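A.B. asks: For chain R, the structure is supplied; the task is to place chain W with the ligands on it using the hints.
Here's the letter readout for the chains.
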Amino acid sequence: MATPAPHDEQARFDAVIAADEKIEPRDWMPEKYRRNLVRQISQHAHSEVVGQLPEGNWITRAPSLRRKAILLAKVQDEAGHGLYLYSAAETLGTSREEMLDDLLEGRAKYASIFNYPTLSWADVGAIGWLVDGAAIVNQISLCRTSYGPYARAMVRICKEESFHQRQGYEIMQTLAQGSPEQQAMAQDALDRWWWPTLMMFGPHDADSAHTQQSMQWKIKRQSNDELRQKFVDQTVEQAARIGLTIPDPELRWNEARGHYDFGEIDWDEFQRVLGGNGPCNRSRMRDRRRAHEDGAWVREAMLAHAEKHNRRAAGAAA
Amino acid sequence: MSDAHFTYVLRLGDNALVLGQRLSEWCGHSPFLEEDIAMANTALDLIGRARMLYSHAGRLEGRGRDEDALAYLRDEREFGNFLMCELPNGDYGFTLVRQYLLDVYHRHLYAALTESRDDELAAIAAKAVKEAAYHARRSGDWVLRLGDGTAESNARCQAALDELWGYTAELFTPDAVDSAMLEAGVAPDLATLRTRWEADVLARLAEAGLTVPADDWQAEGGRAGRHTEHMGRLLAELQFVQRAYPGQQW
Ligand SMILES: [Fe+2]
Ligand SMILES: [Fe+2]
Chain R
3 MATPAPHDEQ ARFDAVIAAD EKIEPRDWMP EKYRRNLVRQ ISQHAHSEVV
53 GQLPEGNWIT RAPSLRRKAI LLAKVQDEAG HGLYLYSAAE TLGTSREEML
103 DDLLEGRAKY ASIFNYPTLS WADVGAIGWL VDGAAIVNQI SLCRTSYGPY
153 ARAMVRICKE ESFHQRQGYE IMQTLAQGSP EQQAMAQDAL DRWWWPTLMM
203 FGPHDADSAH TQQSMQWKIK RQSNDELRQK FVDQTVEQAA RIGLTIPDPE
253 LRWNEARGHY DFGEIDWDEF QRVLGGNGPC NRSRMRDRRR AHEDGAWVRE
303 AMLAHAEKHN RRAAGAAA
Chain W
2 MSDAHFTYVL RLGDNALVLG QRLSEWCGHS PFLEEDIAMA NTALDLIGRA
52 RMLYSHAGRL EGRGRDEDAL AYLRDEREFG NFLMCELPNG DYGFTLVRQY
102 LLDVYHRHLY AALTESRDDE LAAIAAKAVK EAAYHARRSG DWVLRLGDGT
152 AESNARCQAA LDELWGYTAE LFTPDAVDSA MLEAGVAPDL ATLRTRWEAD
202 VLARLAEAGL TVPADDWQAE GGRAGRHTEH MGRLLAELQF VQRAYPGQQW
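If you're matching them up, the sequences are chains R and W in order. Throughout, our numbering is defined as the position within the first sequence, counted from one, plus 2. Throughout, our numbering is defined as the position within the second sequence, counted from one, plus 1.
Isolated chain R, as found in the complex (with noise of 0.2 Å):
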């Protein structure tokens, strides 16, 4: 069968988009979709990855034995969503390796918020609560993106994120009530981590260089700044329900908007740490390129392993 010409298959991609239906690995895709998504999901996937380390810095350190075993399977789960993530931008033809050398090189970015140190055991309640409730509004509206490999990962993933987001919140909740030491701890958290959350959701629109592409290819389904009033609306209310207090003066109800209105973000703030200069961007990068490195004993035994086993067996077969 003749190969059919280039704007025939930019005509039925267009159709899909068009139709809302998805777009699937064997199908032709403008390149640009594809490199687009690439950077997208693996730029997911390492902040799955990346993720685990300010996290699991409060594992050994968990408060009770139940607390321990709940965040130790939440890292867990993060941990697999990274596993399904690169496993969908595989699909779009890069493999796990070249993604983790872009990663471990500087070439490829993860979630500023993980630049950030946890510094008490409410900092791991503010996480799940406000993180992973920042991560579960933008992935709600990932479960419609066009590529159908990153739609079901999508839909996978938000699962397991609301229940991250509901123990986070129950370690709000359960320090709130408790001595003015944990309530203090509490608030502290919240004021610590409450703005670089607002960050996670990117520049305003109009300065989001990726934004209006990605929303015509329906990768994207809803804009940065909707995202974000989405997350401060739902959250606010959820602050006040255990006593706590969102560090934003001009944070108010606006009846006209039926939104709450609230501060502008600090965008050199972002600018820096999303440029390399936030508090934890050194360690991060530091700790992963580490345990990389001192993996790579571990890895080249399993293929030497897998290699002579392979011999012996076609030898016992010869």
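It is possible that part of the hints are untrue.
Said to hold, decoys possible - Short derived list, chain W residues pointing at chain R, Cβ under 7 Å:
no., residue
1, Asp37
2, Leu147
3, Gln159
4, Thr212
5, Pro214
6, Ala220
7, Phe241
8, Tyr246
Unchecked claim - Some residues of chain W that are not near chain R, with every Cβ distance over 12 Å (derived):
no., residue
9, Lys131
10, Asp163
11, Pro189
It should be emphasised that the hints constitute simulated quantities derived from the structure, not laboratory data. No experiment lies behind these values; they were computed from the predicted model shown. Using N, Cα and C, we set each Cβ at its ideal position, and we do this for glycine too.
C.D. replies: The following block gives chain W with the ligands in isolation, referenced to the frame of chain R:
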């Protein structure tokens, strides 16, 4: 119920907690993503096992201590885990060789404990033995891969084995608590356990090209609460929040 019964169950809990604590340190730092998941998963099984054993021990003791009181509010000298569990992780080879030696031990131990006259312990063992069998298969596969893999991986695992072997004697040396529990039908005979353990371990080590070191030194004292210098730091980290803010809900 006797003090020995409480102590016996408590020490099983200590082994699970302390080893689980060590494994959880790998989280996010292991050689590749699948191993991060597997390490967390094994640690999770061990923490779950510790919780069941501590809850049971607390009920046997009857003084109102729950799993967290036993995990967080005892000092080093009151912990009765094997010294091997508390040793720092070392490289991935050290962690996996240790894990293998203990996984095989636990598989046979918990298989025997399913027959314990302590019904609650037998029920815990029925769950633990399935996990331990899975853990032993996994760590046993790794010992084979790493022992057989490259000259470097073989040397690293041999060094780990040389370091760890002296700590295995403690696993099979009965003290007064073990003897009393054997007599009461609560615990199995450690000599039988040793035979089973050796049959598995010696075969696997040989297959992996690893040499069993001479029995020229033996470390012991864990079950009597005489630990290595690493134990105090492990507990300081594990217990920090509970100790800094006593009597709170978390
Ligand atoms: Fe996740
Ligand atoms: Fe999550």
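A.B. asks: Each hint: holds or not?
C.D. replies: Status of the hints after comparison with the structure:
Interface restraint check for W/Asp37: the shortest CB-CB distance to chain R comes to about 5 Å, inside 7 Å, so the restraint holds. Given the 7 Å rule on beta carbons, the hint for W/Leu147 holds: about 5 Å separates it from the nearest Cβ of chain R. Interface hint status for W/Gln159: violated, as the beta-carbon distance to the closest one in chain R is roughly 13 Å, over 7 Å. Interface hint at W/Thr212: violated, since its Cβ lies 18 Å from the closest Cβ of chain R, which is beyond the 7 Å cut-off.
Given the 7 Å rule on beta carbons, the hint for W/Pro214 is violated: about 21 Å separates it from the nearest Cβ of chain R. Proximity of W/Ala220 to chain R is violated relative to the hint, the smallest CB-CB distance being about 24 Å (cut-off 7 Å). Interface hint status for W/Phe241: upheld, as the beta-carbon distance to the closest one in chain R is roughly 5 Å, under 7 Å. Annotation: interface hint on W/Tyr246 holds; nearest CB of chain R at approximately 6 Å, less than 7 Å.
The Cβ of W/Lys131 sits about 18 Å from the closest Cβ of chain R, beyond the 12 Å cut-off, so the non-interface label holds. Annotated as non-interface, W/Asp163 keeps its C-beta farther than 12 Å from every C-beta of chain R; the closest such distance is 18 Å. With a minimum CB-CB distance of about 26 Å to chain R, W/Pro189 clears the 12 Å threshold, and the non-interface call stands.
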